[in-house]
Amino acid sequence: MNRFVLARFALVPLTVGAGLVVPAVPAAAAPASAAAATTEWYVDSANCSNDGSGSASSPFCTVSRAADVVQPGQTVLVRPGDYRESVVITRSGTEGAPITFRAVNGPGRSATVVKVGKRRGANGNESAFTLRGVHDVVLDGFLAFGEGTAEAVLVDGSSRITLDRLVASEYDAPGAVRITGASVDVTVSRGAFRPGSGLMVDPGVRGALVTASTFTQSGITVRDAPGTKIVGNTLETDCTVAVDVTGTSPGVSIRNNILETATGPLSDAVACEVPSEATAIAVSAGSVAQTVADYNLIEPASGGPLYRWGATEYTSLPEFVAATGHGAHDIAATPWLRSTDAYDRPYYEIAPNSPAVDSADATAEGVSRTDLLDNPHTDDPAKTNTGSGYHDRGAVEAQGPVTVKELPVRRKAGGTHLDVTAELSITTAWTTDGPLGKVSRNWSDESNRRVLPLGSEDHRFSRAGRVCEAHQVSLNDFRQFRETPVTTCLVLGAAYTPVSPKRVLDTRAGIGRVGTVPIPPNQAVNLAFSPLNGVPEQDVSAVVLNVTATAPTTAGFLQVYPAGGPAGVSSVNFVAGETVPNLVTVPVLSGNEVVIFNKSSGTVHVVADLQGYYSATGSGFRSVAPSRVLDTRAAGGSAFAPHTGRTLDLSGRIPSGATAVVLNVTVTEPTTSGVLTVHPYGTAVPTASNLNFVAKQTIPNLVMVPVVDGKMSIQNVSSGRTHVVADLSGWFGGGATDVFVPYGPRRILDTRGAAGEGWPQAPFTSSGVPVSYFDSLGNSGPKPTAVVANLTVTAPTRAGVLTAHPNGSVQPTASNVNYVAGETASNHAIVGVGEGGNIVLFNNSSGYTHLIVDQAGYFIDAAS
Numbered sequence: 000m001n002r003f004v005l006a007r008f009a010l011v012p013l014t015v016g017a018g019l020v021v022p023a024v025p026a027a028a029a030p031a032s033a034a035a036a037t038t039e040w041y042v043d044s045a046n047c048s049n050d051g052s053g054s055a056s057s058p059f060c061t062v063s064r065a066a067d068v069v070q071p072g073q074t075v076l077v078r079p080g081d082y083r084e085s086v087v088i089t090r091s092g093t094e095g096a097p098i099t100f101r102a103v104n105g106p107g108r109s110a111t112v113v114k115v116g117k118r119r120g121a122n123g124n125e126s127a128f129t130l131r132g133v134h135d136v137v138l139d140g141f142l143a144f145g146e147g148t149a150e151a152v153l154v155d156g157s158s159r160i161t162l163d164r165l166v167a168s169e170y171d172a173p174g175a176v177r178i179t180g181a182s183v184d185v186t187v188s189r190g191a192f193r194p195g196s197g198l199m200v201d202p203g204v205r206g207a208l209v210t211a212s213t214f215t216q217s218g219i220t221v222r223d224a225p226g227t228k229i230v231g232n233t234l235e236t237d238c239t240v241a242v243d244v245t246g247t248s249p250g251v252s253i254r255n256n257i258l259e260t261a262t263g264p265l266s267d268a269v270a271c272e273v274p275s276e277a278t279a280i281a282v283s284a285g286s287v288a289q290t291v292a293d294y295n296l297i298e299p300a301s302g303g304p305l306y307r308w309g310a311t312e313y314t315s316l317p318e319f320v321a322a323t324g325h326g327a328h329d330i331a332a333t334p335w336l337r338s339t340d341a342y343d344r345p346y347y348e349i350a351p352n353s354p355a356v357d358s359a360d361a362t363a364e365g366v367s368r369t370d371l372l373d374n375p376h377t378d379d380p381a382k383t384n385t386g387s388g389y390h391d392r393g394a395v396e397a398q399g400p401v402t403v404k405e406l407p408v409r410r411k412a413g414g415t416h417l418d419v420t421a422e423l424s425i426t427t428a429w430t431t432d433g434p435l436g437k438v439s440r441n442w443s444d445e446s447n448r449r450v451l452p453l454g455s456e457d458h459r460f461s462r463a464g465r466v467c468e469a470h471q472v473s474l475n476d477f478r479q480f481r482e483t484p485v486t487t488c489l490v491l492g493a494a495y496t497p498v499s500p501k502r503v504l505d506t507r508a509g510i511g512r513v514g515t516v517p518i519p520p521n522q523a524v525n526l527a528f529s530p531l532n533g534v535p536e537q538d539v540s541a542v543v544l545n546v547t548a549t550a551p552t553t554a555g556f557l558q559v560y561p562a563g564g565p566a567g568v569s570s571v572n573f574v575a576g577e578t579v580p581n582l583v584t585v586p587v588l589s590g591n592e593v594v595i596f597n598k599s600s601g602t603v604h605v606v607a608d609l610q611g612y613y614s615a616t617g618s619g620f621r622s623v624a625p626s627r628v629l630d631t632r633a634a635g636g637s638a639f640a641p642h643t644g645r646t647l648d649l650s651g652r653i654p655s656g657a658t659a660v661v662l663n664v665t666v667t668e669p670t671t672s673g674v675l676t677v678h679p680y681g682t683a684v685p686t687a688s689n690l691n692f693v694a695k696q697t698i699p700n701l702v703m704v705p706v707v708d709g710k711m712s713i714q715n716v717s718s719g720r721t722h723v724v725a726d727l728s729g730w731f732g733g734g735a736t737d738v739f740v741p742y743g744p745r746r747i748l749d750t751r752g753a754a755g756e757g758w759p760q761a762p763f764t765s766s767g768v769p770v771s772y773f774d775s776l777g778n779s780g781p782k783p784t785a786v787v788a789n790l791t792v793t794a795p796t797r798a799g800v801l802t803a804h805p806n807g808s809v810q811p812t813a814s815n816v817n818y819v820a821g822e823t824a825s826n827h828a829i830v831g832v833g834e835g836g837n838i839v840l841f842n843n844s845s846g847y848t849h850l851i852v853d854q855a856g857y858f859i860d861a862a863s
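For the sequence shown, our numbering assigns the number 0 to the initial residue and increments by one for each residue that follows.
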């Protein structure tokens, strides 16, 4: 398809510069104002561009690119992938607004973990992350790889840094994570150190905190770093020192840790070959002052010293307590650890019989708010609390039985028509000091998965239709997960907002586009629109347009459809030289545009008048059996005089508070050509038109017009006289509750058949047409109350009218399509759906005719 022009329409005042296209600012020089306007930057290893905006829809390809632009208080969200780069962080946050880099890890799969590092093995020498001379930065959730002699993460001369939920792996460096260069207040929390060199805290570092982390075949080394706190960690070293405080490091706090330095199975540990190298806690003579060790659980099976305090080794806990006054609450016993395989993020749990349960010091400075798995502290009712409070020792808290309650997503009470609630709750058998568990959730209108505390969540969908919510629940921070997501769906409808008719496109006058040439054969006009009455275009479910084909040079038809959607239907049928209008309801999809395609071998001008739109807020609909509310041919009536208007008062037929009505309006017996305009009562006659006619023609068109106090106006813009007929088929507002579901355009009936093998409708006969809807095969979706469709008559052998009505209802006298022999005529219709989910089409003619029904959507009860 060739896009011929771009038209824009809006219901807000235009401002200077609106709609102008300016050169893109180079990504490397993003203006500060643009960076400050966002709170989140996105990084993805696929479908990305470092020249993009860094938004969710246009993410950067590298973490380094986001690090170049992030500002205080902002978060960089990194989607799963393998980022072979070395990230050097040079920007700082503030104490109240840190810069955060967060890995959006997936549920329990290696492929859904965010990995960073060049990973060139012994040949490389770059860290995955380097933070040098910065402050107030958070790294959260990354699997970081060092290479050669480079650490996975290096913090150098920085302050107020948090390394949270990191998995650190190095090749041959002194430490997987190294804190150096007189850094101050660096926190390592809820991390996992894989086999290697562990954590190094270098000389001059002050106030470092290591908490709720696990170390596998690695440990913690503190050298000349006073005031370091090592609280609530689990260390399994396999015959090496677990905590080694060297040099002059006074005031170190070592509390609530589990220290396993033996070798062999965790459940049956054995002594080390060189027991002296398997000391659990070693504190140099220069570090003893003000250093505290207490509430630790030490596995004694290594055969080595439990403590090396100053120059003295202690293999007996009582001896250590007696000699130093420390360790009064330490325990020397089997901790009963259990290693849990969790793809790239393994961890240690404690068995229910572990002495670590409910025995820690809950008041120790540096205690983490949650454990390694982001779970709360819990009180095992079967255990006596031997610590202060009910915290467990080590990095992972034992959890009791839980019950998770999950309810299908449903409409939110008191919300808009597009607001839903996903209810999710958890009940714990044990007392906790905070919420337990997390939920990973996807809404069908969002591309990003979100991880949240386990609980209910409200969401507003941008558009009506079939919507879904999928979630997974985890009690281990999604380190391990083998269940499939729970998915529930429902169908939501949108409410209608009528507008005073507004011309948004006229190819003859250059309205809505540049130039006045007609649309060439097999080319299109694309209508892109700005906010409608403050509703962003991405929140509009459908628009209602009166589309008129005029001055066509050959026969053909217009296709009006959503950009990116199906196009195989006709909306306006015309012959050469004819002017034909038709109302069109067009769903709006992610392209946010409406396409008008000239399906003919000639040129054609097109006029489009906006009548209203569907969105989260507005009025509900009530469908009624068609009833005649105006017929100027009836006794006592008279035709409209030239250039005159009349008021049609429907206050006795529609409820008070109605905002708009749906009428099938027919012009018949006009004496000259002209147009008929239907508009709100008390307003000036707009330039928009509803019906275009020529002398002696009978032509109908569906009209959706706002009413004021139940009244509307009809204007004959013609130098001749004409009769007018109007049939009421429903209204919006006034207590009406049905809402619109876009579902098309789709052809649900074509009596011609796919290859011309069909049969036409016989004279004076009716046929039922099943209305399509979401989940119709499973019979689980809400049933349509009314269908919105384009009705087309083609190849009729005699003149007549087509009447549509609900199945099971009395056939009305109203008509929907008026036609003559050999003509193809169409009209938009909103028809109530009757028994069996069908509508009925009655061929009120003495001849045969083929029938086509193109569905645009349907209405449902808002409560369904």
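Hints were generated in silico from the structure; no laboratory data involved.
Just so you know, not all the hints are guaranteed correct.
Unchecked claim - Ranges of calculated distance between the beta carbons of each label pair, as one might list FRET restraints:
1) S626 x A508: 47 to 57 Å
2) G807 x P434: 51 to 61 Å
3) L451 x R751: 22 to 32 Å
4) P685 x E94: 52 to 62 Å
5) S529 x V707: 41 to 51 Å
6) P452 x G752: 31 to 41 Å
Just so you know, these numbers come straight off a predicted model, no measurement behind them.
Yeah, the Cβ is synthetic: ideal placement off N, Cα and C, and Gly gets one too.
Hint-by-hint comparison with the structure:
At about 38 Å, the beta-carbon gap between S626 and A508 misses the expected band of 47 to 57 Å. Between G807 and P434 the beta carbon distance is about 53 Å. The supplied range of 51 to 61 Å therefore holds. Distance hint check: the CB atoms of L451 and R751 are about 53 Å apart, inconsistent with the given range 22 to 32 Å. A hinted range of 52 to 62 Å for the beta carbons of P685 and E94 is consistent with their spacing of about 58 Å.
One distance hint, 41 to 51 Å for the beta-carbon pair S529 and V707, is violated here, with the actual separation near 26 Å. A hinted range of 31 to 41 Å is violated for the C-beta pair P452 and G752, which are about 57 Å apart.
Checked against the numbered hints above, the structure breaks hints 1, 3, 5, 6 and satisfies the rest.
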